[in-house]
Each structure stands twice: as C-alpha cells, then as structure tokens.
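Visitor: The primary structure of each chain is shown beneath.
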Amino acid sequence: MEFSFGASASKILTTTGFSSLESGHIIMILVSCVLVYLAIWKKFEPLLLLPMGFGCLLANIPMSMMAYTDSGGLLNFFYQGITHEILPPLIFLGVGALTDFGPLLANPTTLLLGAAAQVGVYVTLIGAVLLGFNMHEASAIGIIGGADGPTSIFIASKLAPHLLAPIAVAAYSYMSLVPLIQPPIMKLLTTEKERKIKMAQLKPISQTVKILFPVVVTIVCCLMLPGVTPLLGMLMLGNLFRESGVTARLHETAETHLINIVTILLALAVGSSMTASSFLRLETLKIIALGLLAFCIATIGGMVFGKIMCKMTGGRVNPLIGSAGVSAVPMAARVSQKVGADADPSNFLLMHAMGPNVAGVIGSAVAAGVFISLFGDTVPEPHAAIADAIGTIEPGAKAAIAQVVEAIQQNH
Amino acid sequence: MEFSFGASASKILTTTGFSSLESGHIIMILVSCVLVYLAIWKKFEPLLLLPMGFGCLLANIPMSMMAYTDSGGLLNFFYQGITHEILPPLIFLGVGALTDFGPLLANPTTLLLGAAAQVGVYVTLIGAVLLGFNMHEASAIGIIGGADGPTSIFIASKLAPHLLAPIAVAAYSYMSLVPLIQPPIMKLLTTEKERKIKMAQLKPISQTVKILFPVVVTIVCCLMLPGVTPLLGMLMLGNLFRESGVTARLHETAETHLINIVTILLALAVGSSMTASSFLRLETLKIIALGLLAFCIATIGGMVFGKIMCKMTGGRVNPLIGSAGVSAVPMAARVSQKVGADADPSNFLLMHAMGPNVAGVIGSAVAAGVFISLFGDTVPEPHAAIADAIGTIEPGAKAAIAQVVEAIQQNH
Amino acid sequence: MEFSFGASASKILTTTGFSSLESGHIIMILVSCVLVYLAIWKKFEPLLLLPMGFGCLLANIPMSMMAYTDSGGLLNFFYQGITHEILPPLIFLGVGALTDFGPLLANPTTLLLGAAAQVGVYVTLIGAVLLGFNMHEASAIGIIGGADGPTSIFIASKLAPHLLAPIAVAAYSYMSLVPLIQPPIMKLLTTEKERKIKMAQLKPISQTVKILFPVVVTIVCCLMLPGVTPLLGMLMLGNLFRESGVTARLHETAETHLINIVTILLALAVGSSMTASSFLRLETLKIIALGLLAFCIATIGGMVFGKIMCKMTGGRVNPLIGSAGVSAVPMAARVSQKVGADADPSNFLLMHAMGPNVAGVIGSAVAAGVFISLFGDTVPEPHAAIADAIGTIEPGAKAAIAQVVEAIQQNH
Amino acid sequence: METSFLAAVNVSILAMAVIFTVLTVLIFTIQGLVKLIPYQAPPPAPSRRQTASSAGDDQDNHAAVITAVLAMHMGKSPNEFRIVNISQR
Amino acid sequence: METSFLAAVNVSILAMAVIFTVLTVLIFTIQGLVKLIPYQAPPPAPSRRQTASSAGDDQDNHAAVITAVLAMHMGKSPNEFRIVNISQR
Amino acid sequence: METSFLAAVNVSILAMAVIFTVLTVLIFTIQGLVKLIPYQAPPPAPSRRQTASSAGDDQDNHAAVITAVLAMHMGKSPNEFRIVNISQR
Ligand code: NA
Ligand code: NA
Ligand code: NA
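Protein chains in written order, with our numbering: chain A, 1 to 412; chain B, 413 to 824; chain C, 825 to 1236; chain D, 1237 to 1325; chain E, 1326 to 1414; chain F, 1415 to 1503.
Incorrect hints may have been included.
[Said to hold, decoys possible] Here are the simulated DSS-like pairs of lysine-lysine, each with C-alpha atoms no more than 30 Å apart in a straight line: (1) B:K605 <-> D:K1271; (2) A:K203 <-> B:K454; (3) C:K866 <-> E:K1360; (4) C:K1020 <-> F:K1449; (5) A:K42 <-> E:K1360; (6) D:K1271 <-> B:K723; (7) C:K1022 <-> C:K1162; (8) A:K193 <-> A:K338; (9) A:K43 <-> E:K1360; (10) D:K1271 <-> A:K198; (11) D:K1271 <-> A:K286; (12) A:K42 <-> C:K866; (13) C:K1011 <-> C:K1022; (14) A:K43 <-> A:K203.
[As the list claims (entries may be wrong)] Pulled a few chain A residues facing chain C out of the computed Cβ check, cut under 7 Å: (15) F5; (16) I12; (17) L13; (18) T15; (19) G17; (20) K43; (21) P46; (22) L50; (23) L58; (24) I61; (25) Q80; (26) H257; (27) N260; (28) I261; (29) I264; (30) F348.
Since the hints were made in silico from the structure, they are not lab data.
Each residue gets a CB set at the ideal place from its N, CA and C atoms; glycine is no exception.
Make a model of the complete structure from these sequences and hints.
Guide: So this is what it looks like as structure tokens:
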C-alpha cells in the first residue's frame, strides 16, 4: 500500500460518506430525523421510535456498514435477533411482567372485545390483497391492526421480512396516534346516553386464579395455535413471574433492565432495516395508508361489539370500553376513560377498559398464531439445515455451500 | 398455495397442537405443572424451578418448536448457552458476588467438611454404575450429591447431555428438600449432648485476606484441576468483585440483573430439554432415586466427618455443622442452626455452619474438576472443528458436512 | 477407556495444569497479580483492570481452555464480542449516557483542544514506525494517545489484533496514571501567571441544543468518516437517551447494568488475550514505552494549543484546561482543576476543563475514523464470506473449508 | 385479483372464527377457574401500633435494610452511621 | 525505514488536518445551533416555601418515591411504614 | 458389571483422595495467609459525636450521597430537597 500524501488524501476522500451519498440516503436521514423529532417532541412511543430513528440514521450513512444487510456490521448482529425471532419474545416477557390481567379476569367476557378488534386485521388484509400484495405480505400488513409492536415485528420478520421497516414504523406511529384516531370514531358510533353508562365495580380476583391464568392461557391457546408459543408463552411467563410472588428477582429484571436492553437492540435493528431500497417504495405509502385503515377498523370492530355487549347485558356495559380492545396498552384504555369522562365527569371507565385492553394483546397474539398456522413453515425445509445453522451467512455464501453440496452429489 | 375455505380450515386443523398430541406430551405437561406447583406453593427453589417448569410446558406443546432439539426455535437458542457451557459459569459469577467466604476463612478446616460431603457423589457414582449407567453418565448423576445446581448442569451438559433434564430436576428438587431430608439423619447420628455443643465465636478476618482468597483459590485449585476453571474461576471473580471494594458497580450487576437474566435463560433451556423422549424413561426414575441417595450419603459424610472433628478438637466443634458441607447454600446451614437450636434454644450455629456450607460449593466444584480431568475432552477432537464452530447445527446437517468432507477426501 | 487405579491416577496427573506449566504461564500469572494489585490497592481503573487481570490469570492456567484462542472456551466466546466489534460500541453507548456535553456546548472552541491532544497519537505513530512496527500496528499503538479505552480496543482489534493485549493494558494503565504524568508537564509549560487565570462562568445551554447535539455530531462526523460510526454513533445515541428526557428507562439501563455487563465481558476477553505468546515479547515493552510517550505528547499538544488559545483570547482561557483534551474522563479535568487550584486556591477550572475533556473523546473517535478510512477494510473480501459467517471458526477449520471449496472447483 | 380477493375473504372469515373460538374457550376456562377458586378477603392483620415490641422489631429490620443500602452506596461500613426516624403507620 | 518514516509523517500530517477540519466544521455547526436556539431561563417557579400546600404536595411525592424504593428493598408493602423528615430547601 | 463396579470404586477412591489433597493444600494456604495478614481492628475512630465539625463533614458527605441517590430516583435536581437526620454512631 502506498502512503504518499496524495494517495492517502485521495483514500480518505473516496472513503468519506459523501463519495457515495445518494438522494436515497439523504431522504432516509431526513425520515430518521422526523422519527426522532416525533419521539422527543411529540412523545410518539419514544422508547421505540427514538432508537429506531437513530438506527435508521446510522444505517443511512453511506459506508458506515450499519445497515441490516451489512454482514459483520454492528446493527446486522442485532438484526439477527429479529431474523431468529429472539428479541420480540423477550420483549413480551417484559410486557407480561408489566401487565396486570386482573381486570380481564374480573370480567372475562371482555376477551370478546379483544377478539372483535381483530376485525381490523382482516379488513386490512383484504385491502392489502386488493392493493396487490401477496397473501404473506398482506397478513404481515394486516397485523398492524393488532396494535402490538412486538407481534407486528414477529409476524413481519416471519412472513414478509422485506416489509419489516414500514410495518414497524406504521405500527408504533399509529399506536402513538390512538388518542387522535379513536375519539371521533367512538363518538360517532355511540349516543351520549351510552357514553354516560357507569359500570359496576370489578369484583376482586383470588391470587390463585391470577397465578393459574398464565398457565391456562399458555396451554389452551398454544395447543390450538402452536406457532404463537414463543410470543404468548413468554408473555405468560413474564406474568407468572409477576403474580407467583416467589420470583420477585426475575420479575424485576424482566420488567426493567432485560426489557430495556432488548428494546435498545430491537429498535436499533428495526431502524437499521430502514434503508432507501427497502423504505422508499410505493409499498411503504400503501402500508402507511393500510395501517391507518387497520387502526380505524379495529376501533370500529371493538366499538360495534361493545354496543352488542351493551345491548345483551341490558345496558350494563359501556360500549366505549370496546375501542380499548385494539390493545395499544395502556393508551387505548385511557382514551376510553377520557371519552367517557367527557360525557360525564364522574364516569370512571379506566379499570373496565383495561380488561379489553389486555385482551387485545392476547387477541392479536392469537391472530398472529392463525397466520403462522396458515403461512408459517412450522416444518423446516429439509436441505436448508446447514444454511439455518449458520444463520448469519449471506446469500452469496449460501449459494456457495449449496453448490458444494450439489457438486458432491453429482460426483457420487 | 390454495386458500379455499376448506383448504385453509384443514391447514389450521392439521397444524393445531392436538393433531400431533401424544400421551408423552400430556404427561410432560402434567410434570411441568407439578414443577410450577412445587415452585410456587411449596417454594421449591422457585427462581429455578418456576421457569424450568414453564420451559418444560412450552417444549411439550406439540409443534411449538420450543424443545431444545428444535433447531431455530427460541429455547434452542437459549440451550446453546448450556451446550457451550456459557450460562453456568455466569450463574457462578453471581453466586460468588453473593457469597461471603468470611466464616470459611475464620475456620478453614471446615473445608474438610465440604470435602467429606462429596462422599455422596462417589457412593452415588458406584450405585449408578451398578444400575447400568456408564462411567460418564454415572459421574453426571453422582454430582447431584454436590447439591449445586450450576455445577450439576455444567457436568451433565459435558459428560451426559441426554440426562441433563432429570439431573437438573433432581438436583434442584432435593436442594429444596434439604430441610426434610437432613434433620432425621442428623439426629440419628448425633447424641443430644453433641447437638448442644456451643462453638466459640468466629475470629474476625482481615479484608486483605478476603481479597486474596479468591485469587489464591483460583490459582491453587485451577492449577491442579484445570477443567473446573470456567466454574471456579467465575465464582472467585464474582467474589473478588464483592470483596475488592473498588468494583461496586460490577458487583451489583453480577449479583442482581446479570444473574437474573442468566437464570431465566438457563432455567428455560433446561426446561426445554424435558421432552417425553428424554424424560419419560426408566433412567429418570433411577436418577431420582440415586439423587435422593446422593443427598443422604452426602449428609452422612459430612456428619461423620463432623463427629471426627468434634473428637479431634476435644468437643469444640458441633458435629451438626458437618451436614452443611453438602452446600445447598444457605438452606443446609439453616438446617444445622435449627437442629442445634432444637436441642438448646440458646445455641447459634448459623455462622459456624456457613463455613462448611460455602466449602461445599468449592468441594463440589473440585469434584467436578476431577471428573473433567478423568472424562472431559480437554483436547477437542481434530476433525470436529467445523462442527464445533457452527455449534447450532443439528445432527443431520453435521452428517451432511462430514459426508462432504469425506467425499472430497475420496476424490483426491 | 481403562479405569484401573493407576491409569486414572496417571490421567489426573497428566491433566493437571502443572504437567504443562511453562515459565511463560508463571510470568503471566504474576503479571495478572500485578494488574489485580494495581486495580485494588492503587485504584488503577479498577472496573477494567480488575476483571482484565483476572481474565489474564484464568487464561494462563494451562489446559484451562480460557485463553482467547481456545475455541469453544468461555472467554473465547466473550472474545468474539471484540473480534466482531460489538462490545466497544456498547460500552460507548453507556459512556454517552454518562456524559454531559454541556460544558463543551457552552464553549465549543474547546473542541480544538481535543483535536490538538491527538498530536500524541501521531507522534507515537511515527515513533512506532521508527521502532519497526508496520503502519497498521503503529496506528493501533498511536491511538493509545487518545486515552480512550474502548476506542483503543476497537482500533486494535481492527488493525492489529495480535497487539490488543499490550495496547489495552497500556491505555488503561496510563489513563490511571494521568494524575502523575500530567502535572509536571503542565507546570513546565505554563507560567505561574497563566495558571492563575480565572475563566468566566460558562453560559447556560438550551436543552434543545443539548438534544440536537448528538444528532448533529453523528451526521457531521460519521458522514465524513463513516468507519467510526459504530463507536461515535453509539456514543451519541447514549447521550440522546440522556438528554431527550423521554427515554429515562433506556438511559438508566445504558449507564448502569448494560455498561456493567459489557464491561465484565470486555475486560475478561481482553484479559484472555494476555497469553505468554502474545504478551511476553519485546513489542510489549516497546508499546508500553510508546504509550507513555503518547500520553506525554498528547498532554503537550493540548497545553500548547491551550497557550495559543490563551494568547488569541487575550488571556481569557487558562492554558491548564488544554491538558484535559487527552480525554481520560474525568481524571484529566480533575488534574486541570487541581493544578489550577495549586496556583490559586480560589481558581475553579473543573467545569471549564470538562469541555476539552469530553472533546477529547470525540477527538480520538475522529482520529480512529481517519485510521479506519486509511487502513480499514470497509469492503469485506469477497471469498471470506463463509469464514466471516461462522466467526468462531479456528484457522484449521477455515483452511479445511477453503480446501473443500477449492477441491470442488477443481473437480468442475 | 378475483381469486386472491376471495382467498383473502376466506382466510379472514376463517381466522375470525378461529379467534372467537379460541377466546371463547378461554372465557369459559377463566369463568370456571373463578368459580372454583373464589376470592377470599385476607384475615384482618393485627393492628401494629399497639404491639409496641413487634413494631420496634420491625423498625429494627427496616433500619437494618436501609443501613445496608446506604452503606452500599457510601462504600462504608454499616457500623459508621445509624438510621433514625422511620415511623410506622 | 526511510520510506515508512516518510509515510508515517505523511499520514500524521494528513490525519491532523482531517481532524482539525472535522472538528472545525463541528464547532461552526454548534455555534450556529447555539445562536439559533438561545437558552431561555425557565419561567420562575412559584416560590415553594410560601405555598405550603404545594410544598406538601411535593414532599408527598418524594416520600412516595422513597417509600417505594425502600419497600422494594424490604420486600414489604409500602403501607407498612412512613417516611418523615425530608425538608425542602 | 464386575469390572465397571471395580472401575467406579477405583475412580471414587482416587477422586476423594484428590479432593482431600486439593482442599488440604487450600487449608494450609489459607492458614498461612491468615497468619501472615492478621486482622487488625480499625483504629478507634475519634469519637464523632464530640467533634462536631468532622461529624458534620461526614454527615454532609452521607447526605450528599443519599441526596444524589434520591435525586436519581426522583428524576429531580438534588437542589430541591434536603436530607436531615442521619445520626452518627
Ligand atoms: Na391487539
Ligand atoms: Na457441594
Ligand atoms: Na482523546
């Protein structure tokens, strides 16, 4: 190598980011700044969108080797945690440790509100198919309506990894926008009288039931939809840490530093997948439009079912708690509370809305399970075993190994 | 792919867990529930047995891809941490950070009690050989008598990975049962008069000695038995973090969130190895029987040596502290205290029993070191290098690679 | 296998560490004890040097499989975190979370002091070349003058991994010695009058600027020197966690348990690379000498530029803050404070010195970026893809795979 | 387009049916559980204020914990300071 | 030796030039930022001493936090003890 | 069976011998250490109660640490509250 002044200077100049800066990079850097702005000044899910936006910034600095496809780069390593479906379940472990399913247990029929809100997933799926996405992609887009970040990331990485970035951005952005999206729909679909309905106080739940609940959910739901076990099982384990009363240490770690560490890695990894080639496409706009549709329809689904429950219980259920079935914990429940209190300041719906709210998490996990049952490869392909084992391998290398194996087989 | 209603419905039905549910799964799910029950309501080592039982539950939901052999599954990834012997040493780092070796330093001869309790390991080893286990398996079973979870898991994963699940379950279960197993044996082997012996107050130890101790143990023991370095070295590093007084940050992390995170991963991984094919075997019953034998003989070993020390010191050592030599920190020491206080309520043996108690940890680590010296492959096999490097590879793929290499060699 | 008493005894004897103990091991164990001694009793960067020294101890116990080259060994796994450049950026994430760039923002021209101190890097580089090191090695040695541990480790692992151990030891040792190394130089280069200069109080900085700063630094510096993105980007992300005010959870984790865990792994890994064959060489002595030179010249560089700034501002800058430009946060700033207070007890330079002090961190990151631009392989070699993917593979296996591929190619 | 639209509709109807089935099973299971294991109010704890000795005991324990925590933070021996003033409610 | 020495000198001069360039760009950017977004003193908080109720409010908050922290350390319910004596400056 | 039983007995006797050897070496090492570096009672700290100034100094330090810790927990500036009442033993 030469180290004359001229050669060195030219080396430095050609290795600056400017030398290969393209308009795509600049646009994506602006996008990343918008995400960081929304996270900090608009408080849009800052725990996710701040590191996600920053990861996008890093990934779009040319030659920084920080994009998710840059094998050997730092964020590529973190991205393995998404590819191999490790990080979202660990997030759910923490979410379970943070979640109190008490209100749901006190009123288990609110699980149906969590189910009804999934209609947003399927209307969006149909819409996505109409917009030209294939079935796998449409499923991954539909799940945005589940309003659960980790579930969306889990399904997207499984069924349509090339759409991970826009799906994650849409999911977390609309979750933050729930206080803007939902109230008009809620007011449109309810009468003043319905909104003023006061609900009876929730009955207390035995600690034993709270402990048995996560075990029962795991057995019932995972047996029916095994594909969702990593997500739902970890969610329930986290909750068992919380409720069992004998694993305070593990509970504390799961709900604080473990989920924080995993959040940093996950958000950076998602951000690193926001490259110009994966994000600056017509599909992204479609996904963002479909995501909004998903949230609206999910809200409508929950509200309509809330009204049905209101009728069937003879007016003992305030339909406003239906919208909380979209999950987006705990924002959607707070929106129910607020809209209820707007109609009658003495109306306290928060705890009642927490039931459908956490039911929505289970509901979208179940919806995810259905997709995995239908489209997931539960049985791994026979010959991909080697390639799987060395997961970080890049396409070129995979081809080389395949070639080796093939050559041998021909020689035999 | 077809998406007619009928085809989709049949796809979902064939991919439910029920479609491939076997009696083995059901039995193992019941076993997992028993473990969770014991952890929560009987407080059997809940930090380990709760996630271990839950991991077993997840692993036995058919098609959930959560068993330790399901390459690419979540718990399979965690299981790599056992296969590669990473998690047990990290647990020991935390254990070292939590352990005060002061009582041992104040009365170093109690190390002999920790040695004597290892007789349980070897009687069990002989028993296991008589029951038809080979030498490697018998060693892994014997170490249950060491009454140290991470040591048992470390040795089992090294010498007899197919027996990991029953060995881990036996080790942690009997550790929890120490308050039931030990007292009858202790009372049988001592006279009322011996139990009433009061011991002189422990002399204080210079902080410098406490700091030098972990370094000295590492040099002395690891030089003699290098195979145990990962375990014993990390134990001593954790203790050095504790005693040095200059690494408070690292000490705090090692004894709280780091050990908690590793415990979650380790226990889930061990649980994931509790599949029907690995657990529902005659061997498991034999191991559970041998484990009980191991704990009993270890207790007897410690007690007998305690009585010898009592005699040799002219009655200044209460033989009850001998049983604490099995480790099972700090339960065994509390048992010594309790049995002593039963004989004479003014007898405080707890601190005296902590000496042999922590000595038992070192003792079984040394016993593990002997096994590794005798049976461990300290020099890796020459041609396995590739397979080792890509550790997550499954047997089929390993064979394929071996075939490739062989074919090449034949063509040359 | 035979298990006669004699055969077993001989097996144990031949597998003790003594059987293959060489003088190199003994010397390195003594070196490790010196490091532990310096860490504990002299408080030399104990958070790093204590686990580093202990890692060195473990690595030099013969047959313990704890050296960085022992594939499959515990510390070899941790060492992958250095090889793949994962751990130093994560440390920097925590450093960013711990750093207040306020004083730098209040007086941005102090960035030039952080630049001037890098002269130590380059004089040392020239010295290293004169002592026979090649350009890559000389760069890695020069960066010791940057007085930043993670930066030194990052560059050494990239450009001269065989020199990692002595470079890391020199960097951290001299950082601890800053209070001894700097004052004489500082007093030599300043007059009593200069040392008595009092600086005007720093003006307050808007929180918005503090939030924008990390984003701006990332864009400006990383675009110019993309190679430094993993380090500088993570440093700035950590700082954004701190200043944004909306990610308190992530900030707390990054600055406590995450950095602590990573520190343990990193320090043990660096320690494991201190084997006799890599450390007991003439090069180590040269590096230690060059490292001292680096710190002295860096101090001189900062001081001289401090004097220039003093002149140019008409005596409003106390040149003593120049020496803080070497980084070694916050020791160097405290030294400036102390030397200033020695001259005039009412002189408070600490906050003024924090500006160049944190500027020094950015300065040496930029210096690292220049080295990566000049010498780093930003474009990975085409055929190494397979080897990269299976990072833990040892040289022998790499050769085997290469052989396989070659054989196939010949057969075609 | 037509076929894929129909496929999407099929999948959607089926999936909603599965979701309602699964969650209904879950509802009945929970209702069963809650009926089987009803909530029992905990026995009223003995008023602590009156039993001065036990309160003192407890206070000692609290003080010990706080002392240890502070000692850790200060890097000093717990013997060097003393906590006062934790009043029991 | 001669050539490598010259190379090292070349690299050094070049690198120092790059460093000063990059950091100078950074300085100007920061100075621009600071000028664009000047520091604004926060609106004077209502004097806390006087408004006893708000001070009491704050003290309650602090006490709640400390109580929670201690409760965590003690593994007990926060209802079982009470914090007194955090005086406001 | 016979041979493997004998092998097991051989291994057991040998292993127990090794364990006792290793731990005996360790005992002697520790006894040596303890003899070489005996415990020294820390010099009686000057009665702190009396020397008000030094006690105040220490108390200030402690208070500073606690203040910082609490400030961290509260996410507030340490200037907003004050610790009193750490009595020195
Ligand atoms: Na949902
Ligand atoms: Na033991
Ligand atoms: Na520096």
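Visitor: Now look at each hint and say whether the structure bears it out.
Guide: These are the hints, each one checked on the structure:
1. B:K605 <-> D:K1271: violated (55 Å)
2. A:K203 <-> B:K454: holds (28 Å)
3. C:K866 <-> E:K1360: violated (45 Å)
4. C:K1020 <-> F:K1449: violated (52 Å)
5. A:K42 <-> E:K1360: holds (24 Å)
6. D:K1271 <-> B:K723: Distance ~62 Å between K1271 of chain D and K723 of chain B Cα, so the pair is violated.
7. C:K1022 <-> C:K1162: holds (13 Å)
8. A:K193 <-> A:K338: Holds: K193 of chain A and K338 of chain A sit about 15 Å apart, inside 30 Å.
9. A:K43 <-> E:K1360: The hint holds at about 26 Å.
10. D:K1271 <-> A:K198: holds (25 Å)
11. D:K1271 <-> A:K286: Judged against 30 Å, a Cα distance of about 48 Å means the pair is violated.
12. A:K42 <-> C:K866: The hint is violated at about 49 Å.
13. C:K1011 <-> C:K1022: Judged against 30 Å, a Cα distance of about 17 Å means the pair holds.
14. A:K43 <-> A:K203: violated (35 Å)
15. F5: Nearest chain C Cβ about 12 Å off; hint violated.
16. I12: holds (5 Å)
17. L13: Since chain C brings no Cβ nearer than about 9 Å to L13 of chain A, farther than 7 Å, the hint is violated.
18. T15: Holds - the Cβ of T15 of chain A comes within 7 Å of chain C, reaching about 4 Å at its closest.
19. G17: Cβ of G17 of chain A sits 4 Å from chain C, so the hint holds.
20. K43: Holds. Min distance 6 Å.
21. P46: holds (4 Å)
22. L50: Interface hint status for L50 of chain A: holds (5 Å vs cutoff 7 Å).
23. L58: holds (5 Å)
24. I61: This hint holds: I61 of chain A lies near chain C, its Cβ roughly 5 Å from the closest one there, short of 7 Å.
25. Q80: For Q80 of chain A, the interface hint is violated, since the closest Cβ of chain C sits about 11 Å away, which is over 7 Å.
26. H257: holds (5 Å)
27. N260: holds (4 Å)
28. I261: For I261 of chain A, the interface hint holds, since the closest Cβ of chain C sits about 5 Å away, which is under 7 Å.
29. I264: With a minimum Cβ separation of about 6 Å from chain C (threshold 7 Å), the hint on I264 of chain A holds.
30. F348: violated (28 Å)
The structure shown violates the earlier hints numbered 1, 3, 4, 6, 11, 12, 14, 15, 17, 25 and 30.
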